[in-house]
Amino acid sequence: MAETIQQKQSIKEFIATIPFNKIGIKELLNFEKTPQNMLIAVITLAFLAFFVLGVATYLMHGHHAYNVTREHPWGLLIAVYIFFVVSSTGLCIVGSLGDVFGFKDYEMISKRAIFGSIVTIMAGFAVIAFEIGHPVTMLIYNVLSPGLTSAIWWMGTLYGLYLTFMIIEFVFLLKHNMKMAKIFGLTGLLVGLAAHSNLGGVFGFLNARTISNGVFYPTYFILTAFITGVFIAFIMMGFRYKLQFPENAKVMLTNLAKIQALLISILIFFVTWKFLTDIYGDMPNRAEVARHILGSWTFWAEVVLAMLIPLFIILKDMGKNLTGMFWASLSGMVGVFFMRYNLVHDTQLKPLQMMKTTEYQLAPTWVHYFPSMAEIMISLGGLGLCILLYYVGTKLFNLDADTHH
Amino acid sequence: MARYGMALDYKNCINCKACEVACKEENGILMGADKHRIWVGVKEIEGEYPFLNIASSAFEPSQCQHCDDAPCQSVCPTNATYYDENGVVRVDADKCILCSYCMNACPYDARYVDDRTMTVDKCNFCSDTRLARGETTTACQNTCPTKVRTFGDLDDPESEISILLRTREHFSLKSHLGTKPKLFYLT
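Going line by line, the protein sequences match chains U and B. Numbering-wise (numbering that gives the first Met the number 0), the first sequence opens with residue 0 and increments by one. Numbering-wise (numbering that gives the first Met the number 0), the second sequence opens with residue 0 and increments by one.
For the record, the hints were derived by calculation from the structure and aren't laboratory data. The structure presented is a predicted model; accordingly, all values stated were derived computationally and were not measured. Among the hints, a few may not be true.
To be verified - Covered stretches of chain U (chain B as the covering partner; in silico rule of three or more C-beta atoms under 8 Å from a C-beta of chain B):
1) 65-78
2) 120-133
3) 148-156
4) 205-213
As the list claims (entries may be wrong) - Listing some non-contacts, in silico: residues in chain U with all C-beta distances to chain B over 10 Å:
5) Phe-30
6) Met-137
7) Lys-174
Each residue gets a CB set at the ideal place from its N, CA and C atoms; glycine is no exception.
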């Protein structure tokens with residue numbers, strides 16, 4: 000009994016000693032009132048208002064508020080969920096470079112990146128909560144009746160664990176307990192990578208959808224997560240230093256840019272071979288879908304915005320043009336959004352009856368989908384939520400590297 | 000315990016849609032909802048007038064294939080989709096979270112969202128109704144005027160369906176996917 004009380008007290012003490020700034024609404028509204036900052040604030044508030052409107056529409060009309068159909072059951076919200084969790088995994092990888100793997104140059108971004116990974120996955124959960132038809136049932140039967148052969152079960156469960164580890168790691172980072180931060184950081188990273196590759200597996204396991212079926216997505220998700228993490232690292236550091244980077248940030252970001260050039264090159268290599276193997280031999284259902292994708296503007300938006308522009312900016316000055324990289328990273332994130340949207344939409348492009356022994360049921364055309372206003376509003380709301388939480392975090396915690404240890 | 004399956008002499012189908020009506024009536028399926036638990040597919044005549052390929056026109060009744068190795072069951076995160084003791088692939092609506100993974104994983108497009116319960120539903124060979132009452136026929140089979148459908152126990156060598164499958168050539172849809180469907184199309 001006495002031991003339990005003692006344990007409770009030590010937990011209370013542990014929580015009470017987490018360093019944070021006591022802030023009120025006044026401090027939250029206290030930011031430099033430059034036109035850029037005001038614009039971001041107004042956009043964020045508008046996005047949050049969209050979120051409320053979108054959720055209200057969903058609560059009134061259920062899934063009828065979305066443009067998802069029997070032929071295209073996964074829509075924009077799934078893509079946006081993937082966008083956020085990819086960002087989270089990527090930030091976790093970037094954050095781990097310093098505090099898990101011990102690369103000193105990257106320690107300055109560890110705390111910020113880990114906090115970013117928590118914020119982005121929370122935004123992802125906020126969005127998916129309104130896509131899953133019965134989220135409360137999910138919480139109950141995920142435990143009572145686990146479907147162990149389901150990639151969604153593994154993905155969801157591992158992401159839940161991952162979030163827990165990330166929060167614990169962040170707390171230890173705040174308390175300068177680097178040893179514990181390293182242990183929880185490494186565990187969180189491994190769980191996060193497992194969760195993320197399972198998310199790729201959600202698509203890779205679809206034997207009925209030949210365009211997505213196979214090993215490509217589980218591995219590609221990890222690669223694109225790292226790329227996304229580096230893009231967000233540039234964006235966060237750009238805002239932190241208002242593009243006037245100190246020397247140590249310059250060193251780190253130049254190195255990150257070089258890593259990014261390698262990663263994007265590998266991605267281009269992967270995607271090229273994916274399409275070559277998809278089209279080669281004209282395999283029914285796969286080759287025609289691949290050709291259809293190559294003819295869609297959203298695919299080229301992904302290629303230009305997330306691959307070509309950032310790679311060009313990096314190679315032009317060997318990663319030294321950090322301001323250019325900040326803007327290229329914003330372009331990259333728009334490209335990454337298209338990347339996520341494309342993979343969800345392209346998986347469902349081909350009507351299923353085309354693969355049947357003999358055709359029946361529906362005319363063999365492409366499945367069309369365009370998100371509804373409610374889907375768009377909830378998605379933008381997720382972004383608003385993400386920006387708001389990150390902003391509150393910058394006020395609440397010291398996200399810079401600690402200089403005194 | 001049985002292992003239920005269905006053989007379809009699909010070339011006898013006249014597209015009267017009595018099976019769809021009977022299914023809705025028996026299982027309380029939403030009226031007016033198209034292609035829910037079962038449907039009759041129409042394959043249009045190929046060619047241009049006057050060179051029409053009359054043989055290409057066909058009516059093909061279909062539904063959930065009640066796969067022995069069902070992708071929709073493997074991907075379900077809460078085991079809401081399960082095999083019952085008769086090998087019928089069924090859905091426990093209480094456990095369904097409407098993640099729609101099964102809709103994407105089913106190669107036969109056999110799953111749909113029931114607008115009343117907002118869960119994913121599918122054909123269950125009348126397990127809640129006729130089989131639960133001790134009958135051994137399905138509503139669609141019972142009503143078919145041209146006797147397209149034969150329902151029965153695949154494990155019983157003396158059942159009508161087992162005899163049919165031994166004596167008539169047949170194929171399954173997308174058998175290359177390894178789903179082992181228990182719907183057989185007689186040729």
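Against the structure, the hints come out as follows:
1. 65-78: n = 5 at 8 Å, threshold three: holds.
2. 120-133: holds (count 3)
3. 148-156: Result for this restraint: holds, n = 6.
4. 205-213: holds (count 4)
5. Phe-30: 40 Å, holds
6. Met-137: Met-137 of chain U is in fact no farther than 10 Å from some Cβ atom of chain B, at 4 Å.
7. Lys-174: Given that every Cβ of chain B is farther than 10 Å from that of Lys-174 of chain U, nearest at about 36 Å, it holds.
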